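Start counting the sequence shown at 75; every next residue gets the next number (my numbering).
To be clear, the hints were calculated from the coordinates, so they are not data collected in a lab.
Warning: the hint list may mix true and false statements.
Unchecked claim - Below 27 angstroms or equal to it, Euclidean Cα-Cα: the simulated BS3-like pairs (lysine-lysine) are:
1. LYS184 - LYS214
2. LYS283 - LYS83
3. LYS326 - LYS224
4. LYS214 - LYS155
5. LYS200 - LYS155
6. LYS329 - LYS286
7. LYS83 - LYS173
8. LYS184 - LYS224
The structure displayed is predicted, hence computed values, not measured ones.
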Amino acid sequence: MEQKGIIIKGLGGLYDVLCNGEITQCRARGLFRHENITPYVGDTVTFEDEYITDISDRKNSLIRPPMANLDTLFIVCAAKKPLPVPQTIDKMISIADFKGIEPVIIITKKDLDAENAENLAEIYRKIGIEVFITEPDSDKSDLLAYFKEKCNSKISAFTGASGVGKSTLLNALFPNLKLATGDVSRKISRGKHTTRHVELYPLNDLFEKDYKGFIADTPGFSMLDPTIYEDYTVDELPYTFREFEEFLGNCKYTKCTHTKEEGCAVLEAVREGIIPESRHQSYTELRDILKNIHSWDKK
């Protein structure tokens, strides 16, 4: 009998599908391979006799990490050790906005550099992004309240550079997850890659029984790669920088690149401090990457 469920784990060609509170381990039908389709964690699928027979339409997907149907992307960075890289954070936000995923920033390790944490938070709060600041043993009730209110019936993922404390933070929020954690290497200030695969964790047993949200911990990596996204073009890039939007129709030239043109409303907003300079720098860096990519390189 055919059933519908959600993939909560995929490893070695085997997929754990959650349906009515029970997990069935399935393989994908060969037709998916022939059509170059890979089931992703987060996919809603139809399965029968331990085989996935159909994948429902996705509202979005990411290739690294391989996930589908994301609603919220929690971008975790540290105030120090490792130092935050605004350009990396901004690339993640850009891709999230392009994919219709709500970005939320969590700054960890405030105890190591409180001033840097607050300065970083101010940049993103200014452009309308929700920001949380944490430190070891600090109260996480505001984050838990956000999950309870905003993430019900949704799929959320944690991502960011290795060593920023993603798994540690998740364990503090949801102790029964018991995720593996790793120390940061003193020599290279990068975390050991303790999270090896993407896995969704149902949160119904952490809140009320009717809570249907999922949270994912993702493999440690330094950045989402914008070069591998189909249709992610230079022309669409400005619209993924939300604070640019009110100025985009006011430039002197119709095909303004917002990098050096006279009469550019975006550059004027940067000069006036309306748009953070670090955000515009991230835009120009990402634009340089995207404009040099040929269409066949993104497939």
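How the hints compare with the structure:
For the hint linking LYS184 to LYS214, the alpha-carbon distance of about 13 angstroms falls within 27 angstroms, and the restraint holds. At roughly 22 angstroms between alpha-carbon atoms, LYS283 and LYS83 fall within 27 angstroms of each other, so this suggested pair holds. Our distance criterion of 27 angstroms between C-alpha atoms is broken by LYS326 and LYS224, whose separation comes to about 40 angstroms. As the CA atoms of LYS214 and LYS155 are separated by approximately 21 angstroms, the hinted pair is consistent with the 27 angstroms bound.
For the given pair, LYS200 sits about 25 angstroms from LYS155 by alpha-carbon distance, which is consistent with the 27 angstroms threshold. Using a Cα cut-off of 27 angstroms, the hinted pair LYS329 and LYS286 is violated, with the two alpha carbons roughly 45 angstroms apart. For the proposed pair LYS83 and LYS173, the alpha carbon gap of about 22 angstroms is at most 27 angstroms, so the pair holds. A distance of roughly 24 angstroms separates the Cα atoms of LYS184 and LYS224; the hinted pair therefore holds under the 27 angstroms criterion.
Checked against the numbered hints listed earlier, the structure breaks hints 3 and 6; every other hint is satisfied.
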